[in-house]
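Residues per chain are reported as follows:
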Amino acid sequence: MRSIRQRPGRFLATLLSAFLGAGIIMTFNSLHDTAGQPGVDPVSSETLSTAAGVVGGYGTLLVFFAIASTLTVNVRQRAAEMELLRCSGATPAQIKRMVVGEAVAVALVGAALAVGPAMLGGRALLAMFHDSGQVARSVEYSFGTVACLTGFGITLLAATGAAFLAVRRATAGGRRRRGRARTVWAYAALVAGAVAVSSTFAFSATDAALMAPPAQGAILLSVGCALRAPRLLSAVLDRLPLGGASGWLAVRNLRERAGQLAGILMSLIMFTAVATATLTMQAVESDAVAASGAVKSVDAKNLETLNVTVVGIIVVFVCVMLVNSLYAATSYREREFGQQRLAGATPGQVLGTVWAEGLVLTVTGVCFGTLAALAGIVPFTLVRTDRVLPGQMLPVWLAVVAVAAAVTLGTALATARRVLRTPAVRAVAPAA
Amino acid sequence: MLRTGPRRQQDPEPAAEALRLVKVTKTYGSADSAVTALDGVTLGLGHGTFTAVMGPSGSGKSTLLQCAAGLDRPDSGIVRVDGTELTGGGEAELTKFRRGRIGFVFQQYNLLETLTVAQNTVLPLKLAGRRVERRRVREVLTSLGLGDRLGHRPGQLSGGQRQRVAIARALVAEPRVIFADEPTGALDSRSARDVLGLLRQSVRVHGRTVVMVTHDPVAASYADTVLFLADGRLAGRLDAPTADAVAERLAHLGDDLPAGV
Ligand SMILES: Nc1ncnc2c1ncn2[C@@H]1O[C@H](COP(=O)(O)OP(=O)(O)OP(=O)(O)O)[C@@H](O)[C@H]1O
Ligand SMILES: [Mg+2]
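First to last, the protein sequences are chains A and B. Under the working numbering, think of the first position of the first sequence as 1, with each following residue one higher. Under the working numbering, think of the first position of the second sequence as 1001, with each following residue one higher.
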């Protein structure tokens, strides 16, 4: 019964991320299909392609890592189950096939479910373009090969890749090599992020695609930071005073599980970075457009609404992914919480530990997310305006931090509370 | 051996029994699918006794231990540990009750994977907000043959070593009563002997009370008394048990079972 109750939840997390991720990719990339139809005037086509290229570009990157991190969290949780399978005679290759096969199946189902909503979303986006006057009313919506190929392709690639890497990590012993590969990837992501951010300077102030490189750079820098999670966490842990038995336990848990927390930290850093960067840049952009007075006021307003909507979708997506991975990671700790309770922890102390851990994660995520966001915002502002730091950043940043903290602590605590409802002796019973 | 623990002598000798159960009943499930795991169990165990609980699988041994240790709540009846009645409060209250009085050793160890041997051992003290005497912890772990494993994680230990850590964890908190549910169930006969010797030592030397569930007549022979359980009811007792006598009794336990029920 335990396994039945846990199973759908486990796949649900991956399914949800595949569904939302594929939905976002297909929504934006269907604009490519729409632009590519015969008979679309060049201006409309240009507008649609740019929107799809810019948002679709960093959106795709984001979705890729979001799905990958959820899946990594999920597969890692099943280490015990895989161990059991291995003990009952399954070869590593069989386990790999099973886990990767499941990931592919879930990704396919998620992407397939997302087709309908993506069509509706794309249609709604096109309607907004119509309203803002950037696309001719005569242009009809089309959902075609580009949307399908990218939607299914990226989702499958992220799911398969993450499952493959995670299962290899879970079934193979080689601890040191794993660590080195991780470091290499981390630096690769950081360098790629730096390059992307620097390439902002190659654009001119009024370039429509100006927002793309800094946004992509911020995402890549977030990924790089998250891969360095163990180091980052211990750096933060050394500086935070955490008292009491709960704090003591939290510090030890975090040190020991730092590697596993990379997935959650990635969501958190990415949320802080992407939300702060895109919302700030959008605010700077809107103000710059308004100041130049290039567009008539009604159209300017529509354009702003459109842009904010687009950025909003992305931000909400990252936020949902954050909740998703936190929920998945916390609900899996039923057994661990049970063991703490049997060792003499009151439910309050367990929640205290979860709270302390959430606090450390939030501080770490916000710190490095802010750094990644700044790396994207500063070049953008330098090119777009003449200032270094835009005044729009502070309120946006404060709001983002508030949401990040509320979501991280709220999800972790609410999930832990729910998990604690199972009696401790039942929680530690080996799953039948 | 004499009860010569210096620690013990400071305590006023409590008059009450270490453990008393009165008409304890526990039913799982509801209505037609209900299973009566404990059916009016009444028993009393004195201080400084070592008791083994035996019986067929599903006879309610684990349920008995969990109800007695405050890990589970009986549907009715009274549980008194060290003279204090287990209250019907919430989990937090029961946990606080358990901390000072009760140690529990599980078949599946239930050590925390993220903590080292030493940290696992002191965890109950930390959680109870009690002072941790590092020297004593080291002493206990060394006496259990784990002196050179203090920094290891449970994952790096053998089953026997893990169970010894679990026992150290129970001992360091100096509980009045130690419950052990099949503590040797996953161990080879040598590790099992070590573990049983430790439990017996904590009774003889430190005057603690140990209640142990086991399926192994040899393990049961380490105890002073064996209580037999069948279908949630006490079905006899054997003092000064030998392995053969226990095996003999177990074999006949099945005969006495009322058919069908
Ligand atoms: N959580 C539960 N839900 C429903 N029934 C339960 C639960 N726990 C135990 N039972 C039932 O209660 C009865 C007694 O179980 P218990 O675990 O106490 O047996 P046991 O004597 O410890 O058996 P074993 O020697 O196999 O460990 C069994 O019939 C079992 O099916
Ligand atoms: Mg049992």
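There's no promise every hint is true.
[As the list claims (entries may be wrong)] Residues from chain A that keep clear of chain B, each with C-beta distances beyond 10 Å, as calculated:
| # | residue |
| --- | --- |
| 1 | 54 |
| 2 | 93 |
| 3 | 245 |
| 4 | 248 |
| 5 | 249 |
| 6 | 344 |
| 7 | 371 |
[Claimed, not checked] Some but not every residue of chain B turned toward chain A, in silico, with C-beta under 10 Å:
| # | residue |
| --- | --- |
| 8 | 1062 |
| 9 | 1090 |
| 10 | 1093 |
| 11 | 1096 |
| 12 | 1114 |
[To be verified] Listed next, with one range per pair, are the computed distances between beta-carbon atoms:
| # | chain 1 | residue 1 | chain 2 | residue 2 | range |
| --- | --- | --- | --- | --- | --- |
| 13 | B | 1131 | A | 238 | 24 to 34 Å |
| 14 | A | 89 | B | 1029 | 52 to 62 Å |
| 15 | B | 1159 | A | 231 | 42 to 52 Å |
| 16 | A | 410 | B | 1077 | 49 to 59 Å |
No lab work stands behind these hints: they were computed from the structure. Glycine residues also receive a C-beta, built at the ideal position from the N, C-alpha and C atoms.
So, going through the hints one by one against the coordinates:
1. With a minimum CB-CB distance of about 43 Å to chain B, residue 54(A) clears the 10 Å threshold, and the non-interface call stands.
2. At roughly 24 Å from the closest C-beta of chain B, the C-beta of residue 93(A) stays outside 10 Å, upholding its exclusion from the interface.
3. Not every beta carbon of chain B lies more than 10 Å from that of residue 245(A), the smallest distance being close to 4 Å; the non-interface claim is violated.
4. Residue-level check failed: residue 248(A) sits 6 Å from the nearest beta carbon of chain B, not beyond 10 Å.
5. For residue 249(A), the non-interface assignment is contradicted: its Cβ lies about 8 Å from the closest Cβ of chain B, within the 10 Å cut-off.
6. Residue-level check failed: residue 344(A) sits 4 Å from the nearest beta carbon of chain B, not beyond 10 Å.
7. A cut-off of 10 Å between C-beta atoms confirms that residue 371(A) is not in contact with chain B; the least separation is 28 Å.
8. For residue 1062(B), the interface hint holds, the least distance from its beta-carbon to any beta-carbon of chain A being 8 Å, beneath 10 Å.
9. Interface hint at residue 1090(B): satisfied, since its Cβ lies 8 Å from the closest Cβ of chain A, which is below the 10 Å cut-off.
10. Taking 10 Å as the C-beta contact cut-off toward chain A, the hint placing residue 1093(B) at the interface holds, the least distance being around 9 Å.
11. Contact between residue 1096(B) and chain A, as hinted, is supported at the beta carbon level, the nearest pair being about 7 Å apart and thus within 10 Å.
12. For residue 1114(B), the suggested interface contact is upheld, since its CB lies about 4 Å from the closest CB of chain A, less than 10 Å.
13. A hinted range of 24 to 34 Å for the beta carbons of residue 1131(B) and residue 238(A) is consistent with their spacing of about 25 Å.
14. Checked against the given bound of 52 to 62 Å, the beta carbons of residue 89(A) and residue 1029(B), roughly 34 Å apart, lie outside it.
15. In this structure the supplied range 42 to 52 Å is violated for residue 1159(B) paired with residue 231(A), their Cβ-Cβ distance being about 34 Å.
16. Range check, residue 410(A) to residue 1077(B): about 41 Å between beta-carbon atoms, so the 49 to 59 Å window is missed.
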